[in-house]
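Protein chains in written order, with the working numbering: chain A, 1 to 311; chain B, 1 to 311; chain C, 1 to 311.
It is possible that part of the hints are untrue.
Any copy, or any two copies together, can satisfy a pair, since identical chains are not distinguished.
[What the hints assert, rightly or not] Derived pair list, reagent style DSS-like, types lysine-lysine, alpha-carbon separation capped at 27 Å:
no., residue 1, residue 2
1, K33, K124
2, K245, K88
3, K199, K153
4, K124, K34
5, K9, K42
6, K233, K199
7, K33, K9
8, K154, K89
Hints in this document: simulated from the structure, not taken from any laboratory.
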Amino acid sequence: MGEFNWTKKDLLSLYDLTGEEISFILDTAEEFKKVSQRNVKKVPALRGKTVVNFFVEPSTRTRMSFELAEQRLSADIINISADSSSLKKGETLLDTARNIEALQADLIVMRHPAPGAHVLLADKISCGVLNAGDGSHSHPTQALLDIFTIREKKKKIKGLKVAIVGDILHSRVARSNAWGLLKLGAEVHFAGPPTLVPKEFEQIGIKVHYNLKDAIEGADVVNLLRIQHERQKAGFFPSTSEYAKFFGINEETCKYLKPDTLIMHPGPINRGVELDSSVADGPRSVILEQVTNGLAVRMAILFLVAGRVKK
Amino acid sequence: MGEFNWTKKDLLSLYDLTGEEISFILDTAEEFKKVSQRNVKKVPALRGKTVVNFFVEPSTRTRMSFELAEQRLSADIINISADSSSLKKGETLLDTARNIEALQADLIVMRHPAPGAHVLLADKISCGVLNAGDGSHSHPTQALLDIFTIREKKKKIKGLKVAIVGDILHSRVARSNAWGLLKLGAEVHFAGPPTLVPKEFEQIGIKVHYNLKDAIEGADVVNLLRIQHERQKAGFFPSTSEYAKFFGINEETCKYLKPDTLIMHPGPINRGVELDSSVADGPRSVILEQVTNGLAVRMAILFLVAGRVKK
Amino acid sequence: MGEFNWTKKDLLSLYDLTGEEISFILDTAEEFKKVSQRNVKKVPALRGKTVVNFFVEPSTRTRMSFELAEQRLSADIINISADSSSLKKGETLLDTARNIEALQADLIVMRHPAPGAHVLLADKISCGVLNAGDGSHSHPTQALLDIFTIREKKKKIKGLKVAIVGDILHSRVARSNAWGLLKLGAEVHFAGPPTLVPKEFEQIGIKVHYNLKDAIEGADVVNLLRIQHERQKAGFFPSTSEYAKFFGINEETCKYLKPDTLIMHPGPINRGVELDSSVADGPRSVILEQVTNGLAVRMAILFLVAGRVKK
């Protein structure tokens with residue numbers, strides 16, 4: 001992995017990283033992927049370090065993936081959920097974080113509904129802060145695992161056409177992927193109903209489509225976002241069946257794909273809405289490999305941040 | 001433990017096991033029972049293995065027992081409850097399980113309300129699947145710990161008269177015990193009100209009684225099932241006090257027991273309903289030993305399934 | 001740490017301990033404080049021991065602190081909350097505890113709303129019982145960490161003037177601190193509105209004030225208790241702003257303090273009620289050091305009780 005030394009205390013957003021830093025995380029993750037393929041899936045890298053998983057919003061898969069990554073690195077782990085935190089008693093977020101710091105925790109993995117909450121903490125406390133999702137803003141480890149999966153399959157990122165389809169407006173996955181992919185030289189396309197895909201994204205070099213075909217035709221990667229039923233109730237689109245008809249990937253719309261287009265999804269899938277089962281379980285799908293790679297990427301970033309070289 | 005090699009990937013039901021396999025689990029559990037009696041109650045048998053405890057229905061004692069068994073085997077452990085799972089977001093059970101598999105988990109310990117849910121998963125995913133209770137159908141580790149306790153006390157199973165008393169209709173404990181005990185040559189008696197003890201069980205060789213005395217007189221073992229208050233509300237019996245009068249074990253009905261009859265209960269006990277305190281805490285009771293043995297039995301099955309010999 | 005041998009199975013209340021025993025816990029905690037300052041914050045002292053955290057009342061900071069202390073001692077850990085316990089199914093507390101004992105747990109750390117619940121268990125089961133708070137009665141590890149912090153800063157306890165201000169009536173922190181501080185020779189002052197500070201405390205040698213100035217003037221330590229909004233609703237004082245005016249520590253009331261008075265708070269802080277931010281975050285505050293010391297004190301008591309010398 002060359003001469004690169006990791007110096008950042010936190011992982012807040014891919015927007016803050018250079019292409020070189022992103023590539024270094026991915027290189028490190030390749031090494032950690034091997035750990036989970038061994039018979040004894042464990043290394044002592046974080047032994048005697050304390051990681052606090054602080055999930056103010058509920059999460060299953062991200063929490064599980066982080067927790068397992070921490071276990072495979074032999075860290076000591078404390079889990080705090082929104083329900084069990086003192087935030088409910090009116091404690092400020094900063095006081096809660098300072099308490100965690102006073103317990104000599106090394107790292108805080110936080111999911112929080114407020115964009116920027118992580119920046120505040122990272123600035124005020126000495127623990128490393130890893131963003132596990134902040135509202136609609138950023139979800140850097142999801143983007144890293146997506147990019148890792150693409151790089152592993154396509155052997156490069158530069159020049160690839162990557163289409164991200166769905167509820168872009170509310171999606172931290174879309175934003176984080178876009179930042180990372182653009183830094184590594186991919187061509188990023190967003191598609192979905194106009195209510196869910198702000199035209200403004202064109203200003204940062206993303207191509208915006210209100211038509212599925214234009215976005216996915218010739219794409220190397222199609223990343224589908226989960227359609228939340230709440231959005232339909234809020235009037236962003238008329239019905240899930242209409243959404244599926246115009247923006248769902250199914251046998252019919254598959255005809256625009258190349259044979260080797262990768263089908264990705266951050267999960268959990270709404271089968272029959274944004275993605276049909278025939279495609280989700282078909283040969284183009286790398287959805288379960290994304291899950292496997294998520295673990296490797298999270299082990300890598302935990303390892304790098306915990307062992308950073310002080311500048 | 002002789003030449004026997006464990007080859008099964010899953011523990012779904014005692015119905016699927018041979019008497020020889022059941023005995024082999026019990027023999028293995030005898031060894032693991034010693035671990036919990038040591039000063040350092042821990043062995044490295046599952047170090048670097050990942051066990052996911054996936055409890056779609058709540059559970060205290062089974063979950064605690066499994067989790068502690070896994071810790072004493074040094075496994076890495078992830079807990080998922082119904083609340084915290086993606087099932088709530090509409091993810092299919094199979095997708096959730098495939099995600100767990102993609103995290104390279106080795107074993108899934110699952111409690112699920114739907115009989116057969118475990119069979120589906122065991123068939124579709126490569127992780128070992130251990131049934132920690134599926135609706136009214138099966139609860140194999142509970143039956144194994146009951147049979148272990150009987151064997152430890154009586155030095156045999158064959159030929160013993162075992163009475164199981166209570167809400168047989170809804171009881172996975174009764175079914176699992178019956179399958180295991182019949183395979184090992186015991187005589188199984190079910191007793192309770194006619195609304196709660198289907199006559200059909202006679203077809204598989206169980207003796208059905210609607211009268212407590214006939215079931216427990218001369219019995220070597222009396223296993224009491226917990227009476228759930230919901231059943232009374234649903235009209236299965238007129239009142240808990242009437243239930244206690246006709247089917248409760250108390251000073252009065254104890255007169256039908258032999259001095260060395262074992263009193264068993266899967267817990268938690270409704271003191272004064274199916275079992276009086278004088279008997280629950282009396283010399284015939286092995287209820288707390290069942291708890292101790294549950295840990296040994298679960299360590300054994302986790303160990304065997306994780307280390308199975310591929311056929 | 002001299003010739004002292006720890007012989008107590010349980011930590012129920014500081015009321016039960018001698019001054020010598022309290023000092024021995026504090027001396028031991030000094031050693032454990034160093035563990036959390038190392039790069040590898042972990043010792044194998046409780047390896048292969050099982051600790052059950054049984055929190056019948058919710059708790060964030062005490063639970064986190066105990067859980068982390070247990071991890072840093074390498075214990076195996078089971079967490080049970082009120083929601084997940086069988087108490088909800090009508091199991092008696094004693095039956096639940098006997099089940100935990102039957103799993104060969106070594107220690108139970110319990111928070112329970114009923115004063116005396118711990119005494120019952122300690123008497124009936126062989127596991128060590130550590131009181132993590134029982135109603136308004138006792139919270140010995142909180143008092144130990146408070147006294148540890150005072151001793152660390154002031155190099156003594158004897159002769160110090162310690163003021164505890166707020167809702168004394170409902171406060172286990174106040175009672176526990178008072179017992180410990182009196183045994184070690186400090187002068188204890190309670191202050192707050194008459195509805196919240198029973199005059200009866202004078203009978204055990206505490207000075208009671210209904211006026212903030214008298215309590216804090218010349219004090220070496222001022223320990224502020226959290227004002228719960230429920231108390232105001234129940235009519236114990238007219239409004240939180242009136243409470244803050246008469247009993248809050250702020251720039252104004254700070255003038256009665258010595259330059260080296262320690263400001264303490266068990267957390268979480270109601271900023272602007274019992275304590276203003278300028279003081280909470282100011283040079284006299286040792287609030288976050290209390291959190292750090294809590295971990296050391298809990299490691300010490302877990303270690304002593306687990307390794308006690310049988311008398």
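Results for each hint:
1. Taking the shortest alpha-carbon separations for K33 and K124, only the inter-copy value of 24 Å comes in at or below 27 Å, while the best intra-copy value is 33 Å.
2. With identical chains, the CA atoms of K245 and K88 are at most 27 Å apart between copies only, with a shortest distance of 25 Å across copies and 43 Å within one.
3. For a Cα distance limit of 27 Å, the shortest separation of K199 from K153 qualifies neither inside one copy, at 30 Å, nor across copies, at 60 Å.
4. For the identical chains of this complex, K124 and K34 are inter-copy neighbours only, at 24 Å across copies versus 36 Å inside a copy, given an alpha-carbon limit of 27 Å.
5. With identical chains, the CA atoms of K9 and K42 are at most 27 Å apart both within one copy (24 Å) and between copies (22 Å).
6. For the identical chains of this complex, K233 and K199 are intra-copy neighbours only, at 23 Å inside a copy versus 51 Å across copies, given an alpha-carbon limit of 27 Å.
7. In this homomeric assembly, K33 and K9 come within 27 Å of each other (Cα to Cα) both inside a single copy, at 23 Å, and across copies, at 25 Å.
8. Taking the closest pair of Cα atoms, K154 and K89 never come within 27 Å of each other, the shortest separation being 49 Å inside a single copy and 32 Å across copies.
Consistency note: the structure conflicts with the earlier hints numbered 3 and 8.
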